[in-house]
Each structure stands twice: as structure tokens, then as C-alpha cells.
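Produce the entire structure from the sequences given, and follow the hints as far as they go.
In this text, residue positions in the sequence shown follow UniProt numbering: the first is 1, and each later residue adds one.
Worth flagging that the hints you see were computed from the coordinates, not collected in a lab.
What you are looking at is a predicted structure, and each value in this text was computed from that prediction instead of being measured.
Watch out, some of these pointers could steer you wrong.
Simulated pairs of lysine-lysine, DSS-like, Cα-Cα distance not exceeding 25 angstroms [stated by the list, open to error]:
{"id": "1", "residue 1": "LYS217", "residue 2": "LYS241"}
{"id": "2", "residue 1": "LYS241", "residue 2": "LYS333"}
{"id": "3", "residue 1": "LYS194", "residue 2": "LYS241"}
{"id": "4", "residue 1": "LYS169", "residue 2": "LYS333"}
{"id": "5", "residue 1": "LYS298", "residue 2": "LYS324"}
{"id": "6", "residue 1": "LYS333", "residue 2": "LYS217"}
{"id": "7", "residue 1": "LYS165", "residue 2": "LYS333"}
{"id": "8", "residue 1": "LYS194", "residue 2": "LYS324"}
{"id": "9", "residue 1": "LYS241", "residue 2": "LYS298"}
{"id": "10", "residue 1": "LYS324", "residue 2": "LYS191"}
{"id": "11", "residue 1": "LYS333", "residue 2": "LYS191"}
{"id": "12", "residue 1": "LYS217", "residue 2": "LYS165"}
{"id": "13", "residue 1": "LYS194", "residue 2": "LYS298"}
{"id": "14", "residue 1": "LYS217", "residue 2": "LYS169"}
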Amino acid sequence: MRSKLRNLFNHFFVMMDNLSHIRLTTIHHSIPNNSSTSSTMLKQPEISRPAITIPTFVTKSNEVVSDEVNSNCFEHLIDGHGSGIYHISPNGMDVFDVFCDQETDGGGWTVIQKYRYIGIPFFLCYFRLKFFRRIDGQVYFYNRTWSEYEQGFGSLSSSHWLGLKNIYKLAPRNSAWWTLRIELRGDHCNKPTKCSGEPNGYWWAEWDFRLGDAASKYMLDLSPARRGNLTDTLAPDNFFKLNGGRPFTTIDRDNDRNTDFNCAQFRNYGFIVFHSGWWHHDCGYVALNGLYGDTEPKMRYMVYFYHQPVIRGKIGLSYHIHPKQSVMMIKPKF
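See below:
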């Protein structure tokens with residue numbers, strides 16, 4: 001029965017992806033080529049798969065919704081389970097808990113990163129680092145060590161990092177591709193000419209994704225972005241170009257290409273610029289585990305630099321996003 005359901009889901013998603021591609025292509029060719037094109041395309045409504053009607057039981061704590069163990073969150077979706085914390089065993093041996101998002105774009109997502117923080121500006125976080133690791137129940141990401149990023153930290157029901165070991169168990173590099181979805185909500189950056197100008201904006205994109213093992217230092221295996229408004233899909237995006245193929249770097253493990261300093265923690269304008277643990281190339285453009293809450297349009301802390309390529313001689317939009325919330329989630333690619 002489960003096999004038949006899985007095949008039905010597969011055919012459904014393939015048809016919806018094909019339909020989305022046709023509609024997106026139609027939209028692209030119907031937009032006139034003028035100076036407002038880039039802005040117009042950026043704000044095109046998201047075309048997503050219809051949500052599957054299932055019972056939803058969102059947990060408000062770290063309580064597990066069901067004692068059932070499945071290989072991933074998509075299997076829990078097939079079994080009719082809503083969003084919440086579940087047991088999974090990707091390899092049939094190791095069992096660990098994850099948060100399953102069964103509402104976004106058809107469901108079946110395993111959340112590997114969720115980062116949000118309320119009410120504390122970044123400069124206060126910096127000076128209070130020496131004394132506190134948690135304020136108002138929120139979780140620091142930027143000062144974490146290799147061991148912490150490998151094992152995971154935080155609260156599954158709120159801000160957390162699932163752990164490189166667990167992410168690898170789900171999507172190992174020698175297996176089939178998974179889909180990685182990144183969502184950013186809100187923007188702390190408050191300089192309208194150099195920021196998004198959308199304090200309550202919403203950006204998202206999807207990539208094909210796999211992760212290398214510990215021997216590869218959890219190298220990121222990534223495709224160019226396939227869809228979404230977080231990046232321009234007409235050209236290779238910054239996340240793919242600069243982070244794809246890179247090993248993971250933390251404040252105590254320098255695996256980036258910069259020979260002068262560690263990209264997870266370096267000095268800029270007299271301050272320590274905490275980009276934190278990430279697949280760093282040369283300290284820029286994308287670092288979603290960095291110090292939270294920066295309001296300046298600078299390549300530092302928690303940042304995603306949106307950049308459109310030059311097309312037909314016209315320079316596209318470029319701006320910094322210092323998100324108020326980021327979510328990274330993965331599911332099997334169909």
C-alpha cells in the first residue's frame with residue numbers, strides 16, 4: 001500500500017513541476033525588457049504545489065508526535081502525519097528526532113536549520129556572548145564549535161541545527177539527490193538603496209542537494225538553483241558558485257580557501273565578523289548561521305547577498321538581506 005502511495009505522490013509532483021516550469025517560462029517571456037523587469041520578476045507570486053490535505057498536529061514543545069519510526073519525513077507524510085517532531089532512521093539503524101514540515105509546498109520536509117531570534121540587537125548579542133549562550137529561549141549559532149555543528153544543537157520545536165552527521169545520514173553524497181529549500185523571512189537591513197527595502201519580505205529557492213561524509217569535512221554537493229525568487233535562475237547563483245563543493249568551516253576548524261583568516265570568525269571595521277559555521281569559500285555572499293540582527297548593508301554576520309547577473313547589458317538588482325528568520329529543509333527529490 002505504501003509503495004502505491006509513494007508512486008502516486010511521485011507522479012503527482014512530476015506533473016506539478018512540469019506545469020510550474022511551463023507557467024514560469026510563459027511569465028518570463030511575457031515581461032517586457034525594461035528597467036523595471038528585474039524588480040517585477042522578483043515580486044512574481046510563488047508558484048507552488050498545492051498543499052496536501054492532511055491532519056496537522058504542530059507541537060509547541062519538544063514532545064514527539066508519534067512513536068512510529070520512518071526513514072524520513074516524507075514517509076511520515078505518506079502515513080498521514082502532520083507537522084511536528086518525529087523519530088526517523090534513514091539507514092535503518094540509527095534513530096534520531098527531527099522536525100517535519102508537512103505544510104510547505106506539499107510537505108515531506110526535514111528541517112535541518114531554523115534560525116530566529118527576537119528582540120536582541122546584534123551588538124548586544126556580541127557583548128553578552130561571554131556570559132550567556134541563550135537569551136529569552138533563543139539559540140546562538142555564530143559561536144559554535146566543529147563538534148557542536150557536527151552533533152547538532154538547539155530546540156527542534158524552535159531554533160536549531162540538526163547536525164552535519166544527521167544531515168549526511170539523510171542525504172549522503174553517494175546516494176540520490178535530495179531537494180534543499182531555503183526560506184528567508186523579513187530583513188533587518190534598513191538602508192533602502194542598498195537593502196531589499198522589504199522588512200517583511202519573503203524569499204525562497206530550491207537546489208539539488210547532497211552532503212559529503214566526515215572524511216570530506218561534510219562537503220556541500222549542490223546544483224544551481226532550480227526555482228524560487230531568492231536567486232536568479234537564469235544564471236548560476238552565488239550559493240552554488242561560492243559554497244558548492246566546499247567543506248564546512250567553523251570557528252575552530254578553518255577549511256575555507258582564504259589564507260589570511262578563518263571565514264567563520266574574522267575582523268572587519270574593528271569588529272569580529274561572525275559568519276559562523278558554513279561551507280565558506282572566501283568569506284562572503286551567503287552565511288545563514290552568522291551573528292543575528294545586523295542592520296547595515298554589509299557582507300557580514302548572518303547574510304544572503306541577492307544578485308542578478310548582467311543581462312543584455314542591463315545591471316540587475318543587488319542587495320544584502322539580513323533575515324529575521326531562516327529555514328533550511330530537505331526532502332527526497334522526485
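Status of the hints after comparison with the structure:
1. Distance hint between LYS217 and LYS241 is fulfilled; the C-alpha atoms sit about 18 angstroms from each other, no more than 25 angstroms.
2. Between the alpha carbons of LYS241 and LYS333 the distance comes to roughly 21 angstroms, so the proposed pair stays at or under 25 angstroms and holds.
3. With a CA separation close to 22 angstroms, the supplied pair LYS194 and LYS241 stays within the 25 angstroms bound.
4. Restraint check for LYS169 and LYS333: the C-alpha separation of about 16 angstroms stays at or below 25 angstroms, so the hint holds.
5. The straight-line distance between the Cα atoms of LYS298 and LYS324 is roughly 16 angstroms, inside the 25 angstroms bound, and the hint therefore holds.
6. Annotation: proposed proximity of LYS333 to LYS217 holds, straight-line Cα distance about 24 angstroms (limit 25 angstroms).
7. For the suggested pair LYS165 and LYS333, the alpha carbons sit about 20 angstroms apart, so the restraint of at most 25 angstroms is met.
8. Annotation: proposed proximity of LYS194 to LYS324 holds, straight-line Cα distance about 17 angstroms (limit 25 angstroms).
9. For the suggested pair LYS241 and LYS298, the alpha carbons sit about 20 angstroms apart, so the restraint of at most 25 angstroms is met.
10. Proposed proximity of LYS324 and LYS191 is supported: the alpha carbons are some 15 angstroms apart, at most 25 angstroms.
11. For the hint pairing LYS333 with LYS191, the CA-to-CA distance comes to about 38 angstroms; that exceeds 25 angstroms, so the pair is violated.
12. Distance hint between LYS217 and LYS165 is fulfilled; the C-alpha atoms sit about 10 angstroms from each other, no more than 25 angstroms.
13. With a CA separation close to 9 angstroms, the supplied pair LYS194 and LYS298 stays within the 25 angstroms bound.
14. Between LYS217 and LYS169 the CA atoms are separated by roughly 14 angstroms; this keeps the pair inside 25 angstroms, and the hint holds.
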